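Visitor: In the order they appear, the protein sequences are chains A and B.
Residue 277, in the working numbering, is where the first sequence stops; the numbers in between run on with no holes.
Residue 399, in the working numbering, is where the second sequence stops; the numbers in between run on with no holes.
Any given hint could be a false lead.
[Stated by the list, open to error] Subject to a maximum C-alpha distance of 20 Å in a straight line, what follows is the list of computed SDA-like cross-link-like pairs (lysine to any residue):
id, chain 1, residue 1, chain 2, residue 2
1, A, 169, B, 276
2, A, 125, B, 153
3, A, 119, B, 394
4, A, 169, B, 9
5, A, 119, B, 278
6, A, 125, B, 279
7, B, 238, B, 303
8, A, 143, B, 278
9, A, 125, B, 277
10, A, 119, B, 153
[To be verified] Looking from chain A toward chain B, a few residues come up when the C-beta cut is under 8 Å (computed):
id, residue
11, 117
12, 165
13, 167
14, 175
15, 176
Quick caveat, the hints were computed from the structure, so don't treat them as lab data.
Computed from a predicted structure; not experimentally measured.
C-beta: ideal position from N, C-alpha, C; glycine also.
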Amino acid sequence: MTEIDQPKKTAAKVEMSSNNEILESPSDVAIAIESFNAFYGDFQAIHDVNLNLPAKKVTAFIGPSGCGKSTLLKWINRMNDIVPSAHATGLIKIGDLQILDRQTDVVDLRRRIGMVFQKPNPFPKTIFDNVAFGPRLHFKISKQDLTELVEWSLRKAAVWDEVKDRLNKSALGLSGGQQQRLCIARAIASGPEILLMDEPCSALDPGSTSRVEDLIYELREQYTIVMVTHNMQQASRCSDRTAFFYKGQVIEEGQTEQVFTNPQQKKTEDYVTGKFG
Amino acid sequence: MSNFYSTPRSEANRKSKNSYFAVICLLVCGLVVMTLVVLLASIFFTGGNWLSWDFLFANHLEDNPEESGIWQAIVGSVAMCFLCGVCALPIGIGTAIFLEEFQPRNSLLRSLHWLVQLNITNLAGVPSIVYGILGVTAFVYMFSYFPSITPNDPPTYEIGANYRYQMKTLGGDFVNFPCPDKTDKEFRINESIEAVDSRGNSFTLNVVESRSAAPKNDPVLLDQTVVKGKRPSKYAVKSFFYFHLPFGKTVLAAGLTLGLVILPIIIIASQEALRAVPASLREAALGMGATRWESVREVVLPAATPGFMTGAILAMSRAVGEAAPVLAVMGGVLVTTNGLTNLMAKTPVLPVTIYKWAGDENVGFEHLAAAAIIVLLVLLLVMNSVAILIRSRYEKMLG
Numbered sequence: 001m002t003e004i005d006q007p008k009k010t011a012a013k014v015e016m017s018s019n020n021e022i023l024e025s026p027s028d029v030a031i032a033i034e035s036f037n038a039f040y041g042d043f044q045a046i047h048d049v050n051l052n053l054p055a056k057k058v059t060a061f062i063g064p065s066g067c068g069k070s071t072l073l074k075w076i077n078r079m080n081d082i083v084p085s086a087h088a089t090g091l092i093k094i095g096d097l098q099i100l101d102r103q104t105d106v107v108d109l110r111r112r113i114g115m116v117f118q119k120p121n122p123f124p125k126t127i128f129d130n131v132a133f134g135p136r137l138h139f140k141i142s143k144q145d146l147t148e149l150v151e152w153s154l155r156k157a158a159v160w161d162e163v164k165d166r167l168n169k170s171a172l173g174l175s176g177g178q179q180q181r182l183c184i185a186r187a188i189a190s191g192p193e194i195l196l197m198d199e200p201c202s203a204l205d206p207g208s209t210s211r212v213e214d215l216i217y218e219l220r221e222q223y224t225i226v227m228v229t230h231n232m233q234q235a236s237r238c239s240d241r242t243a244f245f246y247k248g249q250v251i252e253e254g255q256t257e258q259v260f261t262n263p264q265q266k267k268t269e270d271y272v273t274g275k276f277g
Numbered sequence: 001m002s003n004f005y006s007t008p009r010s011e012a013n014r015k016s017k018n019s020y021f022a023v024i025c026l027l028v029c030g031l032v033v034m035t036l037v038v039l040l041a042s043i044f045f046t047g048g049n050w051l052s053w054d055f056l057f058a059n060h061l062e063d064n065p066e067e068s069g070i071w072q073a074i075v076g077s078v079a080m081c082f083l084c085g086v087c088a089l090p091i092g093i094g095t096a097i098f099l100e101e102f103q104p105r106n107s108l109l110r111s112l113h114w115l116v117q118l119n120i121t122n123l124a125g126v127p128s129i130v131y132g133i134l135g136v137t138a139f140v141y142m143f144s145y146f147p148s149i150t151p152n153d154p155p156t157y158e159i160g161a162n163y164r165y166q167m168k169t170l171g172g173d174f175v176n177f178p179c180p181d182k183t184d185k186e187f188r189i190n191e192s193i194e195a196v197d198s199r200g201n202s203f204t205l206n207v208v209e210s211r212s213a214a215p216k217n218d219p220v221l222l223d224q225t226v227v228k229g230k231r232p233s234k235y236a237v238k239s240f241f242y243f244h245l246p247f248g249k250t251v252l253a254a255g256l257t258l259g260l261v262i263l264p265i266i267i268i269a270s271q272e273a274l275r276a277v278p279a280s281l282r283e284a285a286l287g288m289g290a291t292r293w294e295s296v297r298e299v300v301l302p303a304a305t306p307g308f309m310t311g312a313i314l315a316m317s318r319a320v321g322e323a324a325p326v327l328a329v330m331g332g333v334l335v336t337t338n339g340l341t342n343l344m345a346k347t348p349v350l351p352v353t354i355y356k357w358a359g360d361e362n363v364g365f366e367h368l369a370a371a372a373i374i375v376l377l378v379l380l381l382v383m384n385s386v387a388i389l390i391r392s393r394y395e396k397m398l399g
């Protein structure tokens, strides 16, 4: 593990070229969300949410369907920009960067905040080109460095051994679990600080799920991870902190263990014990 | 409760209705297939015997169906199809990309966007003869913006033409000499001038005052002698890039008109192809920090290309079969002297040839029309097979 923990040259390059406020000013808070409201047209999906998401930790968003957890996740890297009726008020900050500000460059924002989706969605390209997609977009990078970076990302995403002999084959030939780990490799290849995961295991079989969960647990050493999940066991297995959403509000947020074993709110208790949801 | 279930419907009745319906469907389907079979059989019986290599490589001959052929029509059809594809594909696919991938958020622009979409959908249903009339106005005459082309006046705006004079000498030979001013209608031969005779030899033209002064005893000189004040005829040597404005009744105008005919079809087919690209791929690309254009170029376009190709080939096979707009723009050409030497030439095409031959009063041409239909069908079949081949290759490459 140690020899592959950093891509030798490229990681340094990526880190230098990124305008990384968090690492320069060490703070526990990676993402600060203040009095945040989100709407789809007239419908208010999120009501006045205040949350601080800690750096280098896994935060899980749990809650019943339609409670706004995916909406909040998609606002963190402004993916809701492509939904015509979506708009929001309040603040989401990464360091000094105001994410919701119209002036904020979403291209660089999304390089700094990688995203993994519910269904594995590799591009219909080769495995190599999938992982190289982000670096090629954002950096001028030599072929040799790119090869190294691709290997590093695939190793980091624990999929290297399965794909190293078929890097030039189409990514669509991989199994669902391999595809999802490839998507994680693709997300970390462009050197993000934060990874957003929208129910990353919901389309996977139990075996693949546990591999991806292990991966998430390992990745938090280097990345701030925010993950939406419907699976409470999953949240308890691989997250450090848990936020419980209900009807667009955060009912409770705290250490995962505390939220699951000693919830402070009645609603949370009902949800985690399976009384509704 | 029991009275609800006291009288069951006859099961046999329900089952027989089921089989009647299956039989009706089978009959209707059989009718369609029968029609096709009858059509193909009648065409093959009428024209099959007339198919030969000579038929393919000969050209139309007036009053002589036995030796007539469709070579120029095949060349013309392929060239016109190519022309309309070249002009309609980039515009059509570009429009589809704009309509599907760059939908505006502003409400005013959105309604404009909706209006464009509505228009394109409607345009796909406009009869092709209407496009023919549009083509005549827009391409043949270019809204009468440029001086129109008449047989006596060379076009004002043209490139690739070299004008020369030709005249018959007293000896009966034809001599050529340069034309310094193509617009000069009053040019008369008044003095000696350097000329070229029909064998390619240069000489100085001998000009005499009148026919009586001709050197009757010297046949060589007589071949080089013309009477003063005679008006030579003007002709143009046209290179392969000959081009003029307005386009006139030419293959270029006809190709562009066909491009208009298939433009809505290409746009709609390309939109379908783009819609078939999963939204998750776009999200993935945008989520990586790609701009809209990068996501379109890197991810959406490659995934939609097989769909584009299918749409393009289907649209072009419609263009190959169109007769009405071509008739409106270029007229019913059956054969030309020089063939298709440049874009400003006229050319026969297969559908127009079939139309003219089918209506020809001379016995035999109706067989030729059927034979030409077979050729057209084969051409369409080849085009569609190529489309399917490319598509399957591409899909194999992807997955």
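Visitor: Against this structure, judge whether each hint is valid.
Guide: Hint-by-hint comparison with the structure:
Restraint check for residue 169(A) and residue 276(B): the C-alpha separation of about 23 Å exceeds 20 Å, so the hint is violated. Restraint check: the Cα-Cα separation between residue 125(A) and residue 153(B) comes to about 59 Å, which exceeds 20 Å; the hinted pair is violated. Distance restraint check for residue 119(A) and residue 394(B): the Cα-Cα separation of roughly 24 Å exceeds the 20 Å cut-off, and the hinted pair is therefore not satisfied. For the hint pairing residue 169(A) with residue 9(B), the CA-to-CA distance comes to about 60 Å; that exceeds 20 Å, so the pair is violated.
Annotation: proposed proximity of residue 119(A) to residue 278(B) holds, straight-line Cα distance about 11 Å (limit 20 Å). Distance restraint check for residue 125(A) and residue 279(B): the Cα-Cα separation of roughly 16 Å lies within the 20 Å cut-off, and the hinted pair is therefore satisfied. Among the hinted pairs, residue 238(B) with residue 303(B) is inconsistent with the structure: their alpha-carbon atoms are about 44 Å apart, more than 20 Å. The hinted pair formed by residue 143(A) and residue 278(B) fails the criterion: a straight-line CA distance of about 30 Å is larger than 20 Å.
Taking the CA atoms of residue 125(A) and residue 277(B), the gap is about 14 Å. The hint holds against a cut of 20 Å. For the hint pairing residue 119(A) with residue 153(B), the CA-to-CA distance comes to about 69 Å; that exceeds 20 Å, so the pair is violated. Of the supplied interface hints, the one on residue 117(A) holds, with its beta-carbon coming within about 6 Å of a beta-carbon of chain B, less than 8 Å. With its C-beta approaching chain B no nearer than about 18 Å, residue 165(A) sits outside the 8 Å limit, and its interface hint is violated.
Checking residue 167(A) against chain B by beta carbon gives a least distance of about 16 Å; that is not within 8 Å, so the hint is violated. Annotation: residue 175(A) was flagged as interfacial toward chain B, and the flag is violated, the nearest CB pair being 14 Å apart, outside 8 Å. Interface restraint check: residue 176(A) against chain B, minimum CB-CB distance 13 Å, threshold 8 Å, status violated.
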